[in-house]
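Visitor: Given two chains presented individually in distinct reference frames, assemble the corresponding complex, making use of the accompanying hints.
Top line first, the protein sequences correspond to chains A and B. Quick note on numbering: the first sequence equals residues 1 to 310 in our numbering. Quick note on numbering: the second sequence equals residues 1 to 139 in our numbering.
Any given hint might turn out to be false.
[Said to hold, decoys possible] The list that follows gives simulated cross-link-like pairs (lysine-lysine, DSS-like), each with its CA atoms no further than 27 Å apart:
hint : chain 1 : residue 1 : chain 2 : residue 2
1    : A       : Lys194    : B       : Lys17
2    : B       : Lys88     : B       : Lys17
3    : B       : Lys126    : A       : Lys194
Please keep in mind that the hints were generated in silico from the structure rather than gathered at the bench.
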Amino acid sequence: MRHIISPTDLNLTELDELLNLSEDIIKDPAKYSDACYRKKLATLFYEPSTRTRLSFEAAMLNLGGSILGFSSGDASSASKGESVADTIRVISSYADICAIRHPKEGAPYVASLHSSIPVINAGDGGHNHPTQTFTDLLTIKNLKGRFDNLTVGFCGDLKFGRTVHSLIGALSRYKNVKFVLISPDELKIPSYIKEETLDAQNIPYKEVRSLESAIPELDILYMTRVQKERFFNEEDYIRLKDTYILTSRKMALAKEDMLVLHPLPRVNEIATEVDEDPRAVYFKQAEYGVYVRMALIILLLRECEGRPKC
Amino acid sequence: MLNIGILKQGIVIDHIKVGGAMKIYTYLDLENLDCSVAIIKNARSNKMGRKDIIKIEGTLNGINIDILGVLDHKITINIIDNGEIIEKKNPKLPDYVDNVLKCKNPRCITSVENVPHSFKLTDREKGTYRCIYCEQSSK
Numbered sequence: 001m002r003h004i005i006s007p008t009d010l011n012l013t014e015l016d017e018l019l020n021l022s023e024d025i026i027k028d029p030a031k032y033s034d035a036c037y038r039k040k041l042a043t044l045f046y047e048p049s050t051r052t053r054l055s056f057e058a059a060m061l062n063l064g065g066s067i068l069g070f071s072s073g074d075a076s077s078a079s080k081g082e083s084v085a086d087t088i089r090v091i092s093s094y095a096d097i098c099a100i101r102h103p104k105e106g107a108p109y110v111a112s113l114h115s116s117i118p119v120i121n122a123g124d125g126g127h128n129h130p131t132q133t134f135t136d137l138l139t140i141k142n143l144k145g146r147f148d149n150l151t152v153g154f155c156g157d158l159k160f161g162r163t164v165h166s167l168i169g170a171l172s173r174y175k176n177v178k179f180v181l182i183s184p185d186e187l188k189i190p191s192y193i194k195e196e197t198l199d200a201q202n203i204p205y206k207e208v209r210s211l212e213s214a215i216p217e218l219d220i221l222y223m224t225r226v227q228k229e230r231f232f233n234e235e236d237y238i239r240l241k242d243t244y245i246l247t248s249r250k251m252a253l254a255k256e257d258m259l260v261l262h263p264l265p266r267v268n269e270i271a272t273e274v275d276e277d278p279r280a281v282y283f284k285q286a287e288y289g290v291y292v293r294m295a296l297i298i299l300l301l302r303e304c305e306g307r308p309k310c
Numbered sequence: 001m002l003n004i005g006i007l008k009q010g011i012v013i014d015h016i017k018v019g020g021a022m023k024i025y026t027y028l029d030l031e032n033l034d035c036s037v038a039i040i041k042n043a044r045s046n047k048m049g050r051k052d053i054i055k056i057e058g059t060l061n062g063i064n065i066d067i068l069g070v071l072d073h074k075i076t077i078n079i080i081d082n083g084e085i086i087e088k089k090n091p092k093l094p095d096y097v098d099n100v101l102k103c104k105n106p107r108c109i110t111s112v113e114n115v116p117h118s119f120k121l122t123d124r125e126k127g128t129y130r131c132i133y134c135e136q137s138s139k
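So that you can see chain B by itself, here it is in the shape it has in the complex (with noise of 0.2 Å):
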């Protein structure tokens, strides 16, 4: 695997389905973040074949980690400190969510509405939220 260097305090979002690391990326705006940000992509996986990976130098305060859940339920958060993981989180999916998913469906009111893009767990196994207008789903 390509080998981006050890973190010495910071957070690694593993086990990113691959190809939505920029998805994770955009929300979180780490665009605008003053670190050292990796984006692995396609990294192998044992337990998933392929996946995307993405390292933070530091620390991110007010990361809602649920929130992250909703844009890929299987992710892991790994917290490093001193180069070690003293921490790993899996996301609880949140029943609801404002703004955080879009209603992909040309014939929905949130296509013309100036409305909150509202969506609420329908399948926790699954991770799957729908719209609470039009109940499309957003994968």
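Here chain A stands alone, though its shape is the one from the complex (with noise of 0.2 Å):
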């Protein structure tokens, strides 16, 4: 049974197949409108969201396919105690495939285990969000052409933004990359993330504060909201959330074909006057989100195709 826990589940020539196919439903969504006829996509949802969860459920209804679930824990059996892995073997008997979002790390992994269809991991804490980083090159690929030559700019919380962790991971496999990581020291990127992928790899990339002398250089910027869901420490969230705010007067300095990216939601973290900026391209980026969904659903649906659940 294939899962879709982490981003790089899908080598590099079945994320092409991925993000090809996302490019042939945004061409043709008719084309497909019967792709998944009769199937039940599960959407299990222990923590809030807006995007991801009606995204996944859209894509579903867009594929003439149906969808059943909850949208946080309280709402389900876990209020009463039962495990991810008891959760996921009834729901298996429900459904012919699954997106699960928990604030535990590894939450869709322990699915995955005990699951008879196919579990794709809508987020997990600060862990991996894989379908945000397929969505970000799918608005990569669309919107820049190419992924290969590029300097990316990470802005804001690097330390518990999963989705951060998660497209360095996966840009890390194009030639030619260079990151920028700009953040206060206290939400830097994990140690293991610059030992494991960047420094292994030799992967160019620097460390710094300010978001005004990091700019010029860059090709994308992706935003990030500091995430107060993370935080132990209320005090510590307040004096760090407005660290970095993208404004008009700091898009002048950026070049006139470098694109803005945000996983959404938005606070304060992009000034609202930005959002008329051709290069903000977030809520395209939100859009592609869906098909690419749709794609990842018709994917791993298309694999089980022949095969009883076991």
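Guide: Have a look at this one:
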């Protein structure tokens, strides 16, 4: 049974297949409107989400399938103490594929060990968020046209930002990619990503504090929110939350073809005045999220065809 | 160096990182062993500067030396017979271990659910193990 727990669960060939299928769906969505007829997607969301859950559900509905699930841990038997393993064993008999979001890191992997349907990690704590990474890659592919020869800046919460960790891992597989890591000291990228992903592959990167000084060299600026839910101490959150605010004045320092991505939701880190800038593509990025999830559902269910649930 | 006497027959676990002896003592459950055990902490070492040592009298059946390497990958195990070192062993780190290390990440699924604490070796040189669920390092 094929599961998607980490972005690197797809090799580069499979990733190309996913992105090509996504692009075909963008060109002619009607062609896929019955691709998952009579198939059911379970969305098991143990913590709140707007975009991810609704984009998974929109994706399945666009494919002619059905959806079931819950949108918070309180609304499931988890509130009674049921384990992830038991929940997924039961859901496996109700649905054909599932997307799981959980505040605890590794929960989707635990689910995959006990599931007889494909499990897609829809975000586990500060760890992985593969479908956001696929969304980011589809956005870059469509709007930038390449993955190699890029200088990519990540700004904000690089410590708990799972989308950042995942995208660095995914882009590290392409040639001549450089990273500029912009964060306060308290939210620097974890050392294991530097040592085991960047240093291990001799990928150039630098850690800086100033967005203004870094922005002129960037091809892509990936902004992130400082996530309140990842802090044990609210004082730290309040102190750090507005460290970086992207404004039109800062955008004036950037290249004319730089793209601004953000996994959303946005709070204060991008001033709303930037929304009108054609380089701000985060709402387009959210739209691509539906297409890439449609493609992923199709590919995973295609692999299950003719195979009985085990 | 403090001298604890010569072992006639037994095992010396040497080159333990300073402060690490109790972790190995606890893992081997030496507290409940019916023989003499000496723990030497902060011993001088040419190789390491300072080190811990554990000396155990008698034989220890069923010890998985490689598992001890998971706790401290630089240790050396000397088997003593008739007061002589008859064998020196260095642990070979296993690729995966279950329930030897404990994940300390409060955000990991292991902190709330009853799942085995499983780790995989990600850097043999540094002896780094990572939780298979959240990828947090054991160190």
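Visitor: Each of the hints needs a verdict: does it hold here or not?
Guide: Quick rundown of the hints versus the structure:
1. The suggested pairing of lysine 194 (chain A) with lysine 17 (chain B) holds, with an alpha-carbon distance near 25 Å, which does not exceed 27 Å.
2. Between the alpha carbons of lysine 88 (chain B) and lysine 17 (chain B) the distance comes to roughly 18 Å, so the proposed pair stays at or under 27 Å and holds.
3. In summary, the hint linking lysine 126 (chain B) to lysine 194 (chain A) is supported, as the alpha carbons are separated by about 15 Å, within the 27 Å threshold.
This entry satisfies every hint, going by the numbered hints stated previously.
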